[in-house]
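> Take a look at the letters that make up each chain.
Number of protein chains: 2
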Amino acid sequence: MNIHEKRLHDLQCLLKKEKLDAIVLSRPLEQVFFTGFRMDGMVMLVSRSSAWAFMPKMLLDQFKSKVSFFSAAAPESLLEAVILKMRDGKFKKTIFEPETETYLRGRFWRKKGLSEFRGLTAGLRLVKEGEEISILRQSCRIAAKAFGIIKPRIKTGRTEVSVSRELEDIMQAMGARGPSFSLIVGFGPDSALPHHDTSARPLGANEAVLLDFGCVYNGYCSDITRTYFHGKPDKEFKKIYSIVEAAQKAGVKKVRAGVKAAEVDKACRDYISDAGFGQYFIHGTGHGVGLEIHEAPTLNTKSRDTLRAGMAVTVEPGIYLPGKFGVRIEDSVLVKKGGCEILTK
Amino acid sequence: MNIHEKRLHDLQCLLKKEKLDAIVLSRPLEQVFFTGFRMDGMVMLVSRSSAWAFMPKMLLDQFKSKVSFFSAAAPESLLEAVILKMRDGKFKKTIFEPETETYLRGRFWRKKGLSEFRGLTAGLRLVKEGEEISILRQSCRIAAKAFGIIKPRIKTGRTEVSVSRELEDIMQAMGARGPSFSLIVGFGPDSALPHHDTSARPLGANEAVLLDFGCVYNGYCSDITRTYFHGKPDKEFKKIYSIVEAAQKAGVKKVRAGVKAAEVDKACRDYISDAGFGQYFIHGTGHGVGLEIHEAPTLNTKSRDTLRAGMAVTVEPGIYLPGKFGVRIEDSVLVKKGGCEILTK
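Sequence lines, in order, name chains H and G.
Heads up, the first sequence is in this note's numbering, so the first residue is 1 and it goes up one at a time.
Heads up, the second sequence is in this note's numbering, so the first residue is 1 and it goes up one at a time.
One chain only, chain H, in its complex shape (with noise of 0.2 Å):
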């Protein structure tokens, strides 16, 4: 049983512990998920005992040759398709995810009898297990090692987009598939706006550096924020990075199962708060990553998670001064019982 079959059984499992018959699935992002097969326009249907996956005629051999554990077809309906095959099982309880599915879809499927039903397979995905997590590390290492490299190559009068597609570049040359996200590169007062538009704009002889990147590998984001001054620090640079160094630290110190995310949020903005610069803390402490580069659960001050060993989350606080410079230091880690792995390192 390889991992998506593996999943696809939890996902049976859970429909039976929910007393759910079957669930339609929409999204390329969770379809990934149970097939490792990454693909726009297919409709599933998973049962408690069976799986349908329906999609364009185009991609039906492919879909064969590469997923053996969903019966696929190529009807001319996807949508009446899936509710013949509900019809057909007797499925009374069918649901659908609303959080993901749009309005136009979701009013289909309520008109045909399918509930609401919200966070069954986002649950699946909270925790990452076996291979995940070994590709995930390697997601992680990719960046992080990508930072060595890229450094000693920032010059004075390089732009932020040549160094973003440089970035690129050198995951790629890694392994990865491309970049997890649109990514930050800020000199000088660019770094102080915390999801800077990369520019043109060419690095001064004594500059804040903001990098915050990541890539995609085997399907899995790595986000990593690194701030450091190109040339010679003066002391507010120097305090300010030390405030947010020492913040992040006693964040990543908070991570372990059983830990509510709001505690890790509270131990960074605290410490940042006690030195001074609350007011400068603009954002969460973190987020969830896997699949997407912003997953479940939520670090901040405002969130009901609690920490499970196997979530991967980040943890980035900041302080942006307006018109100056901003910092942020972010790793992405894996919470364990005890504590957790730094996996951008």
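Treat the hints as calculated values from the structure; they're not laboratory data.
Bear in mind that the values here come from a model prediction, so they are computed numbers and not experimental data.
One thing to keep in mind: the hints can contain errors.
Identical copies look the same in the list; a pair holds intra-copy or inter-copy alike.
Claimed, not checked - Once the Cα atoms are required to be at most 20 Å apart in a straight line, the calculated SDA-like pairs of lysine to any residue come out as:
| id | residue 1 | residue 2 |
| --- | --- | --- |
| 1 | 112 | 99 |
| 2 | 324 | 60 |
| 3 | 151 | 200 |
| 4 | 64 | 195 |
| 5 | 112 | 102 |
| 6 | 64 | 193 |
| 7 | 57 | 75 |
| 8 | 111 | 100 |
| 9 | 57 | 302 |
| 10 | 111 | 99 |
| 11 | 239 | 323 |
| 12 | 66 | 195 |
| 13 | 260 | 338 |
| 14 | 302 | 75 |
| 15 | 239 | 228 |
| 16 | 57 | 270 |
| 17 | 57 | 262 |
| 18 | 64 | 283 |
| 19 | 66 | 196 |
| 20 | 337 | 127 |
We have chain H already, so just place chain G on it with the hints.
Coordinates of chain G only, in the frame set by chain H:
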């Protein structure tokens, strides 16, 4: 007035014309279209005379510095801020677009009295104009030029994935931000799978090579497919190639404002069917390209769309012989009054 302001103005005119008071925009794609600002996590409300953007605190400074024609705020709850603003403005008929909104959020809007309305913003994106066209043209030129550069470098033994990566590099060096989709490189029998997942397969001495690729340049997607034979083509390849080539030309020749999209499909399909290979042309003839790699209109047998001047569409018939090879030829073209302009040249 820049292009984004103009689009906002067009949207506001459309609200008046459709007798609507306001529209909520939840998706980054529409937000980029109307603001030029790329960012997740915003919600926008546009009325006939005003426009608001609600976002997390960390985006606020950045947004304000770039977009002056939306009122920006970072309220506690983005969704509630929309509702409050609706009440303040006494907007009776406020809509959301059910084809892009998630079911969960759509249900929230419904509960709050908003109505569904399909295709309002997609309609605005359908016809390209002004600098949009020159950007799209440049995006397509980069892709077409990249083929000329990569072709002589594709030698026996090179893997599909290495060619895919080099194509990305070549396009990035010409100013592209990245690939416009997961590029398809298929050698030999892999070329017979229309949506082949580019693999580590090395190129044999005498094999078909299919490259389906494109880039994102200034936000706009290009799409092109080229097929050729590496080595000495046999009679069968030559025959199939010449059929697809003639079918594609017949399709392109059909493209002009006022023609039904289904007629373009028919032109390609009839040619291939008449040659005896209809059963091996297993997909539609084309689709719109723009901010999305697949957007309206649709060019297939069932399409009810009519081509209009300024639409940008692909024409991409193919013949796929399972286990042997496939040939697909694709150009992105701009619909004009009396015909079309081939963009991928």
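> Work down the list of hints and note, for each, if the structure agrees.
Status of the hints after comparison with the structure:
1. 112 - 99: both (19 Å within a copy, 18 Å between copies)
2. 324 - 60: between (55 Å within a copy, 16 Å between copies)
3. 151 - 200: Within one copy only: 18 Å inside a chain, 30 Å across chains, cut-off 20 Å.
4. 64 - 195: Answer is between: at 13 Å across copies they meet the 20 Å cutoff, but 42 Å inside does not.
5. 112 - 102: Close inside one copy (15 Å) and across copies (18 Å); limit 20 Å.
6. 64 - 193: Only across copies: residue 64 and residue 193 sit 12 Å apart there, 47 Å inside one copy, limit 20 Å.
7. 57 - 75: within (8 Å within a copy, 47 Å between copies)
8. 111 - 100: both (18 Å within a copy, 19 Å between copies)
9. 57 - 302: Cα proximity of residue 57 and residue 302: across copies only (15 Å, versus 46 Å in one copy).
10. 111 - 99: Intra 18 Å, inter 16 Å, cutoff 20 Å: intra and inter.
11. 239 - 323: within (17 Å within a copy, 64 Å between copies)
12. 66 - 195: The answer is between: 13 Å across copies meets 20 Å, while 39 Å in one copy does not.
13. 260 - 338: Within. Shortest intra-copy distance 14 Å satisfies the 20 Å Cα cut-off; inter-copy 65 Å does not.
14. 302 - 75: The answer is between: 15 Å across copies meets 20 Å, while 45 Å in one copy does not.
15. 239 - 228: within (12 Å within a copy, 60 Å between copies)
16. 57 - 270: between (57 Å within a copy, 19 Å between copies)
17. 57 - 262: between (47 Å within a copy, 19 Å between copies)
18. 64 - 283: Intra 45 Å, inter 17 Å, cutoff 20 Å: inter-copy only.
19. 66 - 196: between (40 Å within a copy, 11 Å between copies)
20. 337 - 127: within (13 Å within a copy, 56 Å between copies)
Against the hints set out earlier in the document, no violation occurs for any number.
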